[in-house]
Each structure stands twice: as structure tokens, then as C-alpha cells.
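Participant: Spelled out, the chains give:
Number of protein chains: 2
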Amino acid sequence: MTNSLDPETPVLPDAAVQVRVRLRLQTAESILMGPGRADVLQGVSQTGSIAEAGRRMGMSYQRVWSLVKAMNEDFVEPLVTKQRGGAAGGGAALTPTGERVLAAYRKAERAAHKAAARPLLELRELLR
Amino acid sequence: MTNSLDPETPVLPDAAVQVRVRLRLQTAESILMGPGRADVLQGVSQTGSIAEAGRRMGMSYQRVWSLVKAMNEDFVEPLVTKQRGGAAGGGAALTPTGERVLAAYRKAERAAHKAAARPLLELRELLR
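Protein chains in written order, with our numbering: chain A, 1 to 128; chain B, 1 to 128.
Simulated from the structure, these hints should not be mistaken for laboratory data.
Check the hints yourself; a few may be wrong.
For identical chains, the list gives no copy identity; a pair is met inside one copy or between any two copies.
[Claimed, not checked] Pairs of lysine to any residue, SDA-like flavour, derived with a Cα cap of 20 Å:
hint	residue 1	residue 2
1	K82	Y61
2	K114	A103
3	K107	Q18
4	K107	T95
Owing to the predicted nature of the structure, the values given are computational and were not obtained by experimental measurement.
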């Protein structure tokens, strides 16, 4: 995302300036969804494997699995299912609920990014 | 921000779920503005003192000053000025440019938070 603002935004001299948006849903006790968990869901969706999702993120299998386990407990239905056996030796996939959660989170990220772009223009124009 | 979404959002059973939005402006090399820098600006604005702003944030004077120095160099004009001498023994204040940068950043945060609220509603409804 080198061209960081949305396509309608005029190109500025500081095109190398990126806007990064991080959204987190949390309670006082725990994180429910955030950039790391969303990346885990996306990695499982794209690779069909918890281990491979972890390798992509530079995370141990144990770390990814603990995030998957937490998400599976925090939502009304599991977000990730493990499939054992078969020719491929098992794998993992998002449930329909997992797909919905990931899609809603990404949509919120895009909406937040777009909404922030205009107010940030004034700030960007004050950069050296 | 216990009631985390904007006032127009229907109250959900999970009212204790908070949405946290973090915005960062950065280049490949460095951070230009983010939550910590904005809090430094706000602390200086509210306390008139770099040391007191640091105490509020649990940061050393050196750490706060290094952030102020970086911001003063990254923008077309300094964002914070130090005032030496006088009855109060010196202090610090935001310049008009500093006020504008802080206001634009907070406005962007509010806009991003509001824009994310609706897409996150679907996700929140799937929480246990």
C-alpha cells in the first residue's frame, strides 16, 4: 500500500507516506479480534493449514493454534475447523462464520482507512 | 470509552466490547504521527510542560523530548516550543501548527472509529 490513501484522494508530493489503520475489538479482560487474529484467519483461508498460516506469519504452530482456539471460543460458532486424515494428511478451513467475521473485519478496516483519509490530508500537507 | 461505538449505534448486549482504532502515518523509514505522538502533543497542550506530559504517560523526559524533537523536524514548522525562564521556570506549548496537527489527527481517529462501527456490528453480533 504505497499509495496509501483511497483512489479519490489527490496525489500529494508525500506519496511515500502511508496511513496504517489498526482496529481492535476488546473487553477489559481480553482481545476478541485484531490485526493478528484477522491475519491468522486469512492465512488459514488461503493456505488450508494452520502450520502454513503460521509459517507465513513467522509464528509457531502453538501460537497460531492458541489464537484459533481463543477465537473459536469467543464466537457463537467455531471460526476454524481442523480436518484430520485424507490424502493431504489433514488441514484446516474457515467455517462460514469464520468467513463472515474475516470479511466484516476487513470491511471495517477499509471503511476506517477511507474515512481517515480526508482529515489526514491537512496533517499531511503540514509535513516537511 | 466503555460505550465504544458512536451514539447512533444501537446498544448491543456486548456493550463492554470496545472498539479501539489506532492510526499511524509512516514512511518506510520512520513514524511521522501515531497514538503516542498525539498523546505527547495533547499532554503538552494540557499541562504546559514536557516533564508533566511525560509523567502522565509514564514516559521519561528524555523519551518525550525525543518524540517532540522528531515531530519538530518532520513538519514544516515546530509543533512544540519550549519557553524558558519566567515565574514558572519555563514550560512548553503547542504552536498553531501543533494545534492543527493534533486536531486533524483526533478528527481522523473519530472519523475512522465511526466508519468502522457499522461493518463491525455484524462481527459483534457473532460474538458469544
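Participant: Look at each hint and say if it fits the structure.
Facilitator: Evaluation of the provided hints:
For the identical chains of this complex, K82 and Y61 are intra-copy neighbours only, at 13 Å inside a copy versus 51 Å across copies, given an alpha-carbon limit of 20 Å. With identical chains, the CA atoms of K114 and A103 are at most 20 Å apart both within one copy (17 Å) and between copies (18 Å). In this assembly of identical chains, the alpha carbons of K107 and Q18 lie at most 20 Å apart whether taken from the same copy (19 Å) or from different copies (18 Å). In this homomeric assembly, K107 and T95 come within 20 Å of each other (Cα to Cα) only inside a single copy, at 18 Å, whereas the closest approach across copies is 37 Å.
No hint from the list above goes unmet by this structure.
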